[in-house]
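Chains as they are written, first to last, in the working numbering: chain L, 1 to 273; chain R, 1001 to 1312.
Simulated from the structure, these hints should not be mistaken for laboratory data.
Hints are supplied without guarantee of correctness; some may be wrong.
[To be verified] Ranges between beta-carbon positions, derived for each pair:
hint	chain 1	residue 1	chain 2	residue 2	range
1	R	Y1019	L	L81	47 to 55 Å
2	R	D1219	L	A202	48 to 56 Å
3	L	S212	R	R1111	48 to 56 Å
[Stated by the list, open to error] Stretch by stretch, here's where chain L covers chain R in the computed footprint (C-beta under 8 Å, at least three residues):
hint	region
4	1047-1061
5	1278-1292
6	1298-1306
[What the hints assert, rightly or not] To list a few chain R residues with every Cβ distance to chain L over 10 Å, as calculated:
hint	residue
7	F1155
8	G1167
9	A1199
10	A1202
For clarity, every value in this text was computed on a predicted model and none was experimentally measured.
For glycine and all other residues, C-beta sits at the position ideal for the given N, C-alpha and C.
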Amino acid sequence: MIHAVRTELRKLYSRWATLSPYPLIALTLGLVAWNVSKLGGPIGLAPEAGIVTFFPLLMWWLLGAFAVVAAAGSLGGEFELGTARTTLVTPVSRGRFLLAKFIACVVHVLCLVVFTAGLSQLVRWALFDDLRFGLLAGTEGAYDLLRPEQHPVEVLSGAGAWVRLALCYGYTACFLVALTALSLLVAAMMRHTVGAISVTAAIAVLEWVVSSVEPLAHVRPFMLVDQARGWLWVASGIVPVERVLAGLASMTGYTVACLVCAWVSLARRDVHA
Amino acid sequence: MSGSVAAEVAVIDSATKQYGRLTALRDFSAALRPGEIVGVLGPNGAGKSTLMRLLCGLATATSGSVMVLGRPMPRCRCAVLAEVGAMIEAPAFYEHLSARENLRILAGYYRHVPAERAQRVLDLVELSGREDDRVGTYSVGMKRRLGLAAALLPFPRFLILDEPASGLDPEALVMVEGILRREARERGVCVLLSSHLLAEVARICDRALILRQGALIADVPVAPADSGWIEIAVDRPAAALELVRGLRNAPDAKLDGGLLLVQAGSADPSELVTELVTAGHRVSRVSPHTPTIEERYFEVLAERASAGGGGS
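Here chain L stands alone, though its shape is the one from the complex (with noise of 0.2 Å):
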């Protein structure tokens, strides 16, 4: 298995479009700092701020994308190429050759989060000298950075600021850890790279649209998209501490849900030319 793993994360960090995040990371951060310090404060007040706060929420769904990309690439490509075939010939099981897929690319996405995150510190630093609310996520956390009148600083002091910021970060990557499940499935049913992200990007679509339909309120919990739309609010303290956990367990089930039905397609079905 460590062999399969490792395989697959040296396949993975072979390839430019693995590696092409990190820098459009540090693209968007960047804009978004450089954006700050030239607007200066209040930048909530300012009109030009609606161009600074969309590259926060355009972060949040870019990581996402990278990490539907990078699993159904992984899978979709080795069918798209032939290689599963080559690989399927050797006495690997499709249950290993999938789990250790999806254990590279779920490295993958926490080193993405990592990054992300230790890249906001340091622009949260930059620009006002503070290291203690790195609520600079890169994403929604930086909105409440541009924003300060809407999430005052107050309620994430102390030390249940930093539990909210854990618990932020690891949602995010529980969120991109079920996505990255959902892609995989996608992929194993259709073998195809781009076929597997339209595919899951329209799920990822569907549910949000279907969260946010008042009458079918009763299914959000079930809701891949808003379940990590939660994230957001849980670091500004909106959301209380026991619908985290609600929601991780139902993002748990949903990776297992998404891995045991992407084996059995895998499994099950011919590989063919």
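We have chain L already, so just place chain R on it with the hints.
Here is chain R on its own, set in the frame of chain L:
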């Protein structure tokens, strides 16, 4: 088919594979023994690759059974594939990695294959010197050789090779044939290869399985064998055939590519020659008819076509 499963490398019993309405392989039965090289022949779409996919567990038979090394496929896929080397269709590798890296990745999936084995098989297929180049820079023939190297990695007892000679230059072809012969003779490896090159099959195979429309229509030895006919090289063969058929106690006779064929045992060759010469024919040669695999292949296909076609 039953009884000697353990002694056979592979036993396929009434295997049928359907893709929707298309029957890619129809009621196929065959047994493959250690140390033999078996060629799979047939027109495009005859079911050759499907047969190979069934044998290495990439596909599951719709009905019938496939046993490889005494174990059912694809149920025992992992255990079986530890001792099987396969190259199915065009070999595909990670093009941005080197040949050595690709083989090391594959070697890692086998418990008993040391990392150094990658270099050994690269030497065998004469890719040393280019082993650190990206596979993307390789020619079609080099990729085939790399595919063979990958198949040889696990010290296989059973080699499944889909068109191993396709795209190879003459020197590489001789090298590959040499490797396959050595593996079969010295290590007792059973080699199953598909090919469109009948001359290649004739050179290295012990027997040939001929498929048409998914059905096995012939299982023939490749070595030239006495067909039970005598071939007579004669001028004006059509007139000679008429003459032979008009004789008293006329033997079975037919024409084959400008040669007059007469059923051995149904006539005395010397008497026939005398009759032909007396009638003014010039006879240049009389010999036993030993058809090549190429002749047998087309003969079998023609027989099937005239008998109503297909493998049904």
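Now for the hints, and whether the structure bears them out:
Look at R:Y1019 against L:L81: about 22 Å separates their beta carbons, and that is not inside 47 to 55 Å. At about 51 Å, the beta-carbon gap between R:D1219 and L:A202 stays in the expected band of 48 to 56 Å. Under the hint 48 to 56 Å, the C-beta atoms of L:S212 and R:R1111, about 52 Å apart, fit the expected range. Counting residues of the region 1047-1061 of chain R whose CB lies closer than 8 Å to any CB of chain L gives 7, so the stated coverage by that chain holds, three being the minimum.
Remark: the region 1278-1292 of chain R is not confirmed as covered by chain L, as 0 of its residues place a Cβ nearer than 8 Å to a Cβ of that chain, below the required three. Under the rule that three or more residues need a Cβ within less than 8 Å of chain L, the assignment of the region 1298-1306 of chain R is violated, with 0 such residues. With a minimum CB-CB distance of about 13 Å to chain L, R:F1155 clears the 10 Å threshold, and the non-interface call stands. Distance check for R:G1167 against chain L: the nearest CB is about 15 Å away, which clears 10 Å, and the non-interface claim stands.
Consistency note on R:A1199: stated as away from chain L, and its beta-carbon is indeed over 10 Å from all of that chain's, at 26 Å minimum. Against the 10 Å criterion, R:A1202 stays outside the reach of chain L, whose nearest CB is about 27 Å from its own CB.
The structure fails to meet hints 1, 5 and 6 from the earlier list, while all remaining hints are met.
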